[in-house]
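Undergrad: One letter stands for each residue in the lines below.
Number of protein chains: 4
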Amino acid sequence: MPRLRDYGLTIGRYPTGPLNAITDVPGVWVGHTTLIKDEPRVIRTGVTAILPRQGEIWRDHAFAGFHTLNGCGEMTGVHWVAESGMLSTPIALTNTGQVGTVHEALCAYGQESGWTTTFSLPVVAETYDGWLNDLDAFAITRAHVYEAIAAAGPGPLAEGNVGGGTGMVCYDFKGGIGTASRQVDTRSGTFVVGALVQANHGDRVDFRLDGTPLSGADYALLSRLAPLPWPEPKRGGSIIVILATDAPLLPFQCRRLAQRATVGFARTGGMGHHGSGDLFLAFATGNHLPAQAKQLCSLSMLPNPQMDHLFVAAAEAVEEAILNALTAAETMTGFQGRTVYRLPGEWMRSKAKMPTF
Amino acid sequence: MPRLRDYGLTIGRYPTGPLNAITDVPGVWVGHTTLIKDEPRVIRTGVTAILPRQGEIWRDHAFAGFHTLNGCGEMTGVHWVAESGMLSTPIALTNTGQVGTVHEALCAYGQESGWTTTFSLPVVAETYDGWLNDLDAFAITRAHVYEAIAAAGPGPLAEGNVGGGTGMVCYDFKGGIGTASRQVDTRSGTFVVGALVQANHGDRVDFRLDGTPLSGADYALLSRLAPLPWPEPKRGGSIIVILATDAPLLPFQCRRLAQRATVGFARTGGMGHHGSGDLFLAFATGNHLPAQAKQLCSLSMLPNPQMDHLFVAAAEAVEEAILNALTAAETMTGFQGRTVYRLPGEWMRSKAKMPTF
Amino acid sequence: MPRLRDYGLTIGRYPTGPLNAITDVPGVWVGHTTLIKDEPRVIRTGVTAILPRQGEIWRDHAFAGFHTLNGCGEMTGVHWVAESGMLSTPIALTNTGQVGTVHEALCAYGQESGWTTTFSLPVVAETYDGWLNDLDAFAITRAHVYEAIAAAGPGPLAEGNVGGGTGMVCYDFKGGIGTASRQVDTRSGTFVVGALVQANHGDRVDFRLDGTPLSGADYALLSRLAPLPWPEPKRGGSIIVILATDAPLLPFQCRRLAQRATVGFARTGGMGHHGSGDLFLAFATGNHLPAQAKQLCSLSMLPNPQMDHLFVAAAEAVEEAILNALTAAETMTGFQGRTVYRLPGEWMRSKAKMPTF
Amino acid sequence: MPRLRDYGLTIGRYPTGPLNAITDVPGVWVGHTTLIKDEPRVIRTGVTAILPRQGEIWRDHAFAGFHTLNGCGEMTGVHWVAESGMLSTPIALTNTGQVGTVHEALCAYGQESGWTTTFSLPVVAETYDGWLNDLDAFAITRAHVYEAIAAAGPGPLAEGNVGGGTGMVCYDFKGGIGTASRQVDTRSGTFVVGALVQANHGDRVDFRLDGTPLSGADYALLSRLAPLPWPEPKRGGSIIVILATDAPLLPFQCRRLAQRATVGFARTGGMGHHGSGDLFLAFATGNHLPAQAKQLCSLSMLPNPQMDHLFVAAAEAVEEAILNALTAAETMTGFQGRTVYRLPGEWMRSKAKMPTF
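Chains as they are written, first to last, in the numbering used here: chain S, 1 to 357; chain D, 1001 to 1357; chain Z, 2001 to 2357; chain C, 3001 to 3357.
Rather than coming from a laboratory, the hints here were simulated on the basis of the structure.
Take the hints with a grain of salt, since some may be wrong.
Stretch-level coverage of chain D by chain S, calculated; a stretch enters the list once three of its residues show a Cβ under 8 Å from a Cβ in chain S [stated by the list, open to error]:
#1 1066-1075
#2 1088-1100
#3 1132-1146
Listed next, with one range per pair, are the computed distances between beta-carbon atoms [said to hold, decoys possible]:
#4 GLU2112(Z) <-> VAL3205(C): 33 to 43 Å
#5 GLY1114(D) <-> VAL3205(C): 45 to 55 Å
#6 LEU3225(C) <-> GLU2112(Z): 37 to 47 Å
#7 LYS1351(D) <-> VAL3205(C): 14 to 24 Å
#8 GLY1114(D) <-> LYS2351(Z): 49 to 59 Å
#9 ARG2041(Z) <-> VAL3205(C): 54 to 64 Å
#10 THR1331(D) <-> ALA3352(C): 35 to 45 Å
#11 GLN2054(Z) <-> LYS1294(D): 25 to 35 Å
#12 GLU2112(Z) <-> ARG3059(C): 35 to 45 Å
#13 ARG338(S) <-> PRO1040(D): 41 to 51 Å
#14 GLU2039(Z) <-> ALA352(S): 53 to 63 Å
#15 GLN54(S) <-> THR1333(D): 39 to 49 Å
#16 GLU3330(C) <-> GLN2054(Z): 41 to 51 Å
The beta carbon of each residue, even a glycine, is placed where N, CA and C say it ideally should be.
Model the full assembly from the supplied sequences, consistent with the hints where possible.
TA: Pasting the structure below:
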């Protein structure tokens, strides 16, 4: 699948990590289960699992923080993230109606893996794929969640119509999963900030490429190449953003990082509509937090002023991850014969330019 | 089952509603599914459903607000409550591991009931019953959730070892579901504040009756009559508090009311331990909020200074609801032959006194 | 002073109010005290007063809500705004070191005006003008605050180097006060959203015009026309945003509106740097809230889905208000002979274009 | 002045520090300026300064966190505490109308002490003393604030009618400043938790001694010995709580600790009335945070489960600090000849008892 940079476009001024993906953060693994079938019901959905610390997050927690831009969505487990300051479970992304299935699957997986003494408060987030997917079919099973976990690994990462993003729609184009990363040099060392998004938000009229609004000509061309998927622009939709870094951030610094997803999101045309669930989580693996710690934990902290570099990196990575989701997603026909068109490659090519700075 | 007042004890200075229950708030219905069986596995669990507006909450929302005393627990749907200011689904209480089952059941119930256009962000909360219940059995099914909804109605309400509270432990005594209510006269009219708790929290050493700590003699007597259920006091546990009122509160006023559950909770000896999920939700039915409102909604608001009456009422109702849970719960033997003893009635009788004021 | 639209530039797709200013919201008055003198000390500072309800906000409160993008700044009075849901005092903007003087002046003004029974919790916010202003001089007196209040009125509004914005720096250009407004048609009626900013934030490298980042050529040209005011780009700075609307919003809706200031801010290049105090307050005059209400208050509420129009309006108004601050501010030399250059008009003219949509 | 324990009463089950005062936390200094005069105007007010790290908090910050029980009050500087995770200035407590004077005095003190490069965002909190003090006189000057700072030191601490607490009223008795501390043994070491309160809250009808509500006989006796200071019980009032510990807590753990002040407060009869400013701040000196840190900071963290001990300690210390304020305060006559009576010592003596546990 093509990525934004394949069209000669870049975002921002910081260098990417080697893969330009959340998996550039050491130990962060991602796996997808993608469900696409037409019989007996039309299914276009899936699960994306994010496993920090090569899956050992149950044993060795990571500081984390959370931000809500707009709360018309679900992300479970965040009461505990906020209270304990830590992420202590994998993260799974899926569709709106099956948060329950995926939540219980993670609880069961924890129990079967011998983690029964750990509280069962997993992080499961969702966006709504009912336009292309027959939500009433409740197609996702516990086995599908286990599959996504089993599939998780390091390295390059499928984007677009995969995993939890399979049936998503973004700026009235086909949306889905996207990722990107940035490398950041600070006085305290070099760190990576990675973003993964499940992008299902936005009105096309608001869409921006590298921050620039569509001209009237752009909009007309895009409308011809990629007709709107519904009679009139439907507000709403949602985006889940997961940010990861290997910098040694404390929980409040993670929360601050999560909040900067708003900046990258806004640069693509995001608003945080009333009917949108725009929920952002950031975790930092730079400190180790054994689940059974009995003595004082020794930690490091990035000095606060150096957060500015990570803020820029987070905004850039989120912006590019959304554009990667749009670039990678392919036109899809699904539930009730509806078609959602991809962001046209020819239009993207016409926008190629030198880096802005 | 006996209630606190059957022992000649009262809490606070405000009068109760007719039933001294959350169902004193007009239109608030409660139903339990209680699962107690020994074969093939030892099950002590259940579901409690709270249906505002006689179940029509999907159509006619209610303002609501949320407070976290300690976040080691799950209550789904609250991003949406906070963002929209409204409760738009029933509430269900259950055990920790089956939040997922119950969540998906409410989504499915909504779909089957023709509410497919409504976002599927139900409020499901939990406390941990793994001491008495074989959590790995995942005993609760979608049908059990439907049963609790079908059983919901007005009127007196079973307490103790019922519904979501079936297997709970509170101050090292048998805990469970409890309820209470208060009537409040304000310049703006008379209102009811009702509380329902799923009480699974606390160390016995911290337990207080009407705010008074246990004396050494009390503690020794109680330890003889009701031995601790575990080798040494285990911290943690959790409490879910649902507050309802027919006063016309706005969302921020609901949030304030929810926060006052802390006061009643503290008077019983509650602390908000690290491993406790102490999550409080308040909703107010005094304004009608049609799901499909297209024009300005006409509302009423209780003047802020009159909130003081409701604050006192909420604190008293929560305190008494916890004590009612303890009073109604009976000694239970469950998973792995463990026994949790009830708060001894003879001790309670010895504490009978005149109202304090 | 020129405004953005004088250069043939527009922002967004919604129409402005008649004045394209926060004073388009009926009853919102603004007044400035501007202190510019070189003897005995170099003073470049001031106070901007915002008086909702023609100054009668002490008697007739307005629902309000608050959002923090980054908290390296002060805005007093917001504990009370959050708790009561209401703004009950005027708002004053000034420099960092004299929040105290201005705060006490508002308390004294309240007392002298016979509002002694009202709690003295005024909203005073600040940004740092110590680059151009001799902060140690503590030049602002109580009388200056009274002057700003006395000067407040409806109608067009001075921008740039005035009031609290006198000595501010924005994107390494001269910053200050800016304002803009939008008109919004909803099913529930037509409303105005107005923004006023005190803009003192940002690195030039991040600056964007209508969302588009600077090209290398842009940056070189700007650096020649308007050299950086300091040896190397200094991070930090701050922005205060005040949003006003005549729509009947409840407090949680005001908070949501305030949060959307982030979107407009991000489109200009804003990030929320570590050392920045990016504090946003929104109030809504569409409901009347008598300070002495004894009975239920009758209110209206905009249906939540219609908030989307106001979100777009708020983002656009904030973006344009920041650009208006930059456009109106003139080159200033101040403390220690330092000069901060204005955003060059000739560069602005070169960017004139048709509306993007 | 007598303290609670002089009457044979104790609170809770944890041992106190050597002084049973916030100054048991090493390096925490406290100083009062007390203004009591009758000419030319009737003044009953003051300032209390809390200087962590022997005043070096400007150079070596401390992690901190904040909680609001009810926000009808002011505590400045907390946007920055929340964002940076740190307390970086002294704390000052005073009356409602002179937050400004004290705020500006701390800014000026910082500048004069050569800390001009530090942002000027001091923590100043207040409660309302207008019943006994002629607030319109604005009696406090910058010099009085400097005096309180100069007077600050380690060791025993005056309580009752001193400093910011001079003119306060609590449960309709004379209130003021109170303090207490607890020692806590954890697996990670022994720590101190200290509390200082400026207590100006509560209705007598709600007052509780060691958690036990007043009986009718108690209330009648107290009303005879200490008549209510006003025609009928006036709701409102406020309490400021400052918690300090030498445990190495992170910011989120400080916030959690601050929230537990609610528990101790509730046990004395506190509610968080609508008109009350019940604002709680906790800081932890166990980690050193140089203001100019350029490299990764090395930190320690108390394991989360061990927070339970500190929670109990915080609740007990706050409860006893409130009771110490009541015990130490003496009957005062002030503005307009009004008298507020102390909590009668003979009643206290009648309540002496053995420790409850």
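Undergrad: Each of the hints needs a verdict: does it hold here or not?
TA: Hint-by-hint comparison with the structure:
1. 1066-1075: Since three or more residues must qualify, the claim that chain S covers the stretch 1066-1075 of chain D holds, with 7 doing so at under 8 Å.
2. 1088-1100: This one holds; 5 residues, not fewer than the three required, reach chain S with a Cβ under 8 Å.
3. 1132-1146: With 3 residues closer than 8 Å to chain S, the stretch 1132-1146 of chain D meets the three-residue bar; holds.
4. GLU2112(Z) <-> VAL3205(C): 33 to 43 Å: The hinted range 33 to 43 Å holds for GLU2112(Z) and VAL3205(C), with Cβ atoms some 36 Å apart.
5. GLY1114(D) <-> VAL3205(C): 45 to 55 Å: Because 51 Å falls inside the window, the suggested range holds.
6. LEU3225(C) <-> GLU2112(Z): 37 to 47 Å: Since the Cβ atoms of LEU3225(C) and GLU2112(Z) sit about 40 Å apart, the hinted range of 37 to 47 Å holds.
7. LYS1351(D) <-> VAL3205(C): 14 to 24 Å: 22 Å, holds
8. GLY1114(D) <-> LYS2351(Z): 49 to 59 Å: 53 Å, holds
9. ARG2041(Z) <-> VAL3205(C): 54 to 64 Å: 56 Å, holds
10. THR1331(D) <-> ALA3352(C): 35 to 45 Å: 38 Å, holds
11. GLN2054(Z) <-> LYS1294(D): 25 to 35 Å: 32 Å, holds
12. GLU2112(Z) <-> ARG3059(C): 35 to 45 Å: 41 Å, holds
13. ARG338(S) <-> PRO1040(D): 41 to 51 Å: 46 Å, holds
14. GLU2039(Z) <-> ALA352(S): 53 to 63 Å: Holds, since GLU2039(Z) and ALA352(S) (Cβ atoms, about 57 Å apart) stay within the stated range.
15. GLN54(S) <-> THR1333(D): 39 to 49 Å: 42 Å, holds
16. GLU3330(C) <-> GLN2054(Z): 41 to 51 Å: 47 Å, holds
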